[in-house]
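Numbering (this note's numbering), first residue to last: 1 to 317.
These are computed hints drawn from the structure, not numbers from a lab. Some clues are possibly wrong.
[Claimed, not checked] Straight line, CA to CA, 25 Å or less: simulated BS3-like cross-link-like pairs of lysine-lysine:
#, residue 1, residue 2
1, K234, K267
2, K61, K267
3, K234, K270
4, K117, K61
5, K270, K289
6, K289, K50
7, K50, K117
8, K267, K289
9, K50, K267
10, K50, K61
[As the list claims (entries may be wrong)] Pair ranges (Cβ atoms, derived):
#, residue 1, residue 2, range
11, G179, R71, 30 to 40 Å
12, T300, S193, 28 to 38 Å
13, G57, D14, 23 to 33 Å
14, A306, A211, 30 to 40 Å
15, P208, R313, 22 to 32 Å
16, R313, V176, 50 to 60 Å
17, K270, P208, 42 to 52 Å
18, D111, S11, 41 to 51 Å
19, E168, D286, 34 to 44 Å
20, D142, P271, 34 to 44 Å
21, A85, P208, 23 to 33 Å
22, N198, R316, 36 to 46 Å
For every residue, glycine included, the Cβ atom is placed at its ideal position computed from N, Cα and C.
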Amino acid sequence: MVEQFRAGVASLLDVTAAAICPQMNISSGLTKIIHALPRDPSRDVILLSKQDFPTIGFVIKMAERVGYRLRFIDGDPMDITVWQAALDAQTAIVHITHALSDSSHLLPVADICAATKRAGAISIVDIAQSLCAVPTPVADWDPDFVLGTGVKFLCAGPGACFLYAKPEMWSACEPVDVGWFSHENPFEMDIVSFRYANDAMRFFGGTPSPAPLICANAAITLWQSLDLNAEQNKIQSHLDYLMESTPEQWRVSPNDPSRRGATFVIKPDKPDVLAHSLADHSILHDQRKTGFRFSVHAYTPEDDIAHLADIIRRHRP
């Protein structure tokens, strides 16, 4: 069960299964990474963006209790020069969100990871909003860590998250939140002899929760039977159609598919009117400060896309 999940996630990311460790949620995974890393007294800054999902900020804020300092970049997270300007000799960790949840913009992950490496810091990439929705070329990015979830476009359900740890990071990290499944030999059963697992499983912790992993394995098996590139192209084709149906001034999501995740975000001039119309037609969405969000999945029927586009056209100014 655990090994099947590790192998399945690894196949989606094109990495070794030994680099994958299941997690209950991204918040927990991020906490484990931060507190497992070796400390350099001269480096205490964790860099992130205010457009990251709030849980990221909450986790990093708690790291201040052990001497880290939270620092937000000052500017557009899609602009590599903003990250380059923020990186300095005090930077310890850089958190990078691949696809922003409130706008669907894609960050230049490879460039940010490269700049982070040059600065001597650790890179952590969040692919919660991008895995299976758009390409996630981990080998090209060359990050130190990646965090992902089964909740979003992977369609694997809650409780089936994971972290990827670059092989070079395994021996350098000593997680604090451990358990018997973090052990080199979990079934040794010697209470006075703990030895970290020699791969990413050192981040695991205690007894696995089977149900989420069983559900996730079924989802991953389905993905493995599909042409992932074709499914991702279909998502972007649906998004192109929705963008063409939307007034330019309403668009929050990028027009360019190469810079866009799988979330369609618009900000209409009369949000209450559109909200009532969407509710009347049973179209699920949520509302954020940036506007209305719609998730376009690989399984979303063309009829549903056409229906949403028709409603948007009816409300255009």
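Now the hints, each set against the structure:
no.: 1; hint: K234 with K267; in the structure: holds, 24 Å
no.: 2; hint: K61 with K267; in the structure: violated, 31 Å
no.: 3; hint: K234 with K270; in the structure: violated, 30 Å
no.: 4; hint: K117 with K61; in the structure: holds, 23 Å
no.: 5; hint: K270 with K289; in the structure: holds, 14 Å
no.: 6; hint: K289 with K50; in the structure: holds, 13 Å
no.: 7; hint: K50 with K117; in the structure: holds, 22 Å
no.: 8; hint: K267 with K289; in the structure: holds, 9 Å
no.: 9; hint: K50 with K267; in the structure: holds, 20 Å
no.: 10; hint: K50 with K61; in the structure: holds, 13 Å
no.: 11; hint: G179 with R71: 30 to 40 Å; in the structure: holds, 32 Å
no.: 12; hint: T300 with S193: 28 to 38 Å; in the structure: violated, 52 Å
no.: 13; hint: G57 with D14: 23 to 33 Å; in the structure: holds, 30 Å
no.: 14; hint: A306 with A211: 30 to 40 Å; in the structure: holds, 36 Å
no.: 15; hint: P208 with R313: 22 to 32 Å; in the structure: violated, 49 Å
no.: 16; hint: R313 with V176: 50 to 60 Å; in the structure: holds, 54 Å
no.: 17; hint: K270 with P208: 42 to 52 Å; in the structure: holds, 49 Å
no.: 18; hint: D111 with S11: 41 to 51 Å; in the structure: violated, 26 Å
no.: 19; hint: E168 with D286: 34 to 44 Å; in the structure: holds, 39 Å
no.: 20; hint: D142 with P271: 34 to 44 Å; in the structure: holds, 41 Å
no.: 21; hint: A85 with P208: 23 to 33 Å; in the structure: violated, 43 Å
no.: 22; hint: N198 with R316: 36 to 46 Å; in the structure: violated, 59 Å
The structure fails hints 2, 3, 12, 15, 18, 21 and 22 (numbered hints given earlier, in ascending order).
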